[in-house]
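Start from chain X and add chain L with the ligands according to the hints.
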Amino acid sequence: MDLFLETFFSWQIISEAWPILWQGLQATLMLSVLVVPLGVAGGIILATLSTVRNPWVKWPLRAWVDTFRALPPLVLLVFIFAGLPFIGLDVGAWGAVAIGFFLNTGAYYGEILRAGIESVPRGQIEAARSTGLTRGQTMAHVVLPQAVRNVLPDLISNTLEVVKLTSIASVVALPELLFQARQAQSVTYNATPIMAAAVAYFILLWPLVRLLSRLENRQLAGRR
Amino acid sequence: MTGSGRAPIVEARAIHKHFGHLHVLKGVDLAVAEKELVFLIGPSGSGKSTLLRCLNRLEDPSSGSVVVDGIDMLDPRTDINKARQRIGMVFQSFNLYPHMTALGNVALALRKVQGMGRAEAEAKARAALDRVHLADRADHYPLQLSGGQQQRVAIARAIALEPRVMLFDEPTSALDPELVGGVLAVMRELREDGMTMVVVSHEMGFAKAAADRVVFMSDGAIIEEGIPSEIFTNPSHERTRAFISQIERH
Ligand SMILES: Nc1ncnc2c1ncn2[C@@H]1O[C@H](COP(=O)(O)OP(=O)(O)OP(=O)(O)O)[C@@H](O)[C@H]1O
Ligand SMILES: [Mg+2]
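As given, the protein sequences belong to chains X and L, one line each in that order.
Yeah, the first sequence ends on 224 if you go by the UniProt record's numbering, and it's all consecutive.
Yeah, the second sequence ends on 250 if you go by the UniProt record's numbering, and it's all consecutive.
These are calculated hints, taken from the structure and not from any lab test.
Treat the hints loosely; a few may be bogus.
[What the hints assert, rightly or not] Residues from chain X that face chain L, not an exhaustive set, calculated with beta carbons under 8 Å: (1) Pro145; (2) Arg149; (3) Thr159; (4) Arg218.
These numbers were taken from a predicted model, which means no experiment stands behind them.
Just so you know, even glycine gets a beta-carbon here, dropped at the ideal spot from N, CA and C.
Chain X extracted, bound-state conformation:
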């Protein structure tokens, strides 16, 4: 038992590894704060475009969404990071992560929001347009607020996944939490830093998880 504790929950190791872990936690927080709004913004753009019925918009949009949902995010990220310099664009690690998540995560948020937009009855749009609201104003003030409310659990689930997915930033040498924890592990020959990272993720995500299950319970209750 002592050996177990020593290997997984050693306070001494934690205090030694803390500077490295803290750096990683900060990077992960910054990544999340960068990547989630980017993805949501991409999603809003895609979902808004999806309401356009013109085939010249519709089919390229479908191809776009399908492509970036099908490409594994890790592959996409490596592609951007290693590939863009070849066409003279060196965006750096943070730039690559921003672009990669905008493309991948935006496609997912976009599909969720599209379902939300489609769940808003046509009559809402007609009522808004009949009072002189433009297409954009109708989207912003009438459709999107209802759409978001209707798919809030899915949006939160996706956000949880996105925060976890920030760990792939380590492949472009961004020192995020999991990467730093593994560094610390290899220096200390001890699993405690990994456990510490797990606890940090848990503390970070638990409020969202709680919120999600409350919303899901409320939806179940509403359906009954």
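This is chain L with the ligands only, laid out in the frame that chain X set:
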């Protein structure tokens, strides 16, 4: 062909509307004079809603012309969002925004379309709610209101923009019978205040009491029109007669 000598506010000419292969409006002419209440009746699928929706261009007519308050609604240079403020519309299913209070529903277009500040828009919205006797429900959400109250808020939302004409598409058809009276009463008051109105409805009692003219549509065309007493008691077309006797049996 208006019911009075006044200049028309709404003038639709030779309106055709196709949905794919379906020919829904087959050359409809409709002129509505200032302060006139035109009552539009006809069997289901005859094109009444489509005609109303062509007047504010929620549907684009396939051909024809629509002029409202001097504005050519079908001219691509017309600012349609500006023009629509002059044409209020009330729908069968109310279509209130569920995430906004009654006040928010009425104030939205005042703020976003007419560019009023919050205080001004809310004052005007309250005045509109007062006209439909719901000043005390301003802070209620649609789900907290009865169907009749929701429809009156929808009327307030439209009249707050001070339209020149109001279009009603079966405003009481989705209501429990005991709630119909309140909505019709508000419509009567609007009419007494001089609002020009086009009403699609099955409420024949309302038509007899308030309409200047009844227009009977069937199969995408206007079959006949006239003052209510004439159309209801002595229609000249067999189809009108059949429709009216069928309605009155209900
Ligand atoms: N968006 C649309 N696409 C295809 N067909 C449509 C569309 N809107 C209406 N129609 C068709 O046009 C015809 C006229 O419809 P409309 O709603 O104008 O009739 P209505 O007189 O209002 O009938 P009701 O009394 O049932 O409301 C119907 O056959 C209907 O199915
Ligand atoms: Mg109809």
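Verification of the hints:
1. About 5 Å separates the beta-carbon of Pro145(X) from the nearest beta-carbon of chain L, less than 8 Å, and the hint is met.
2. Taking 8 Å as the C-beta cut-off, the interface hint given for Arg149(X) holds, the closest approach to chain L being about 7 Å.
3. Violation of the interface hint for Thr159(X) is found here, the shortest Cβ-Cβ separation to chain L being roughly 21 Å, above the 8 Å cut-off.
4. Hint status for Arg218(X): violated, given a least beta-carbon distance of 15 Å to chain L, over 8 Å.
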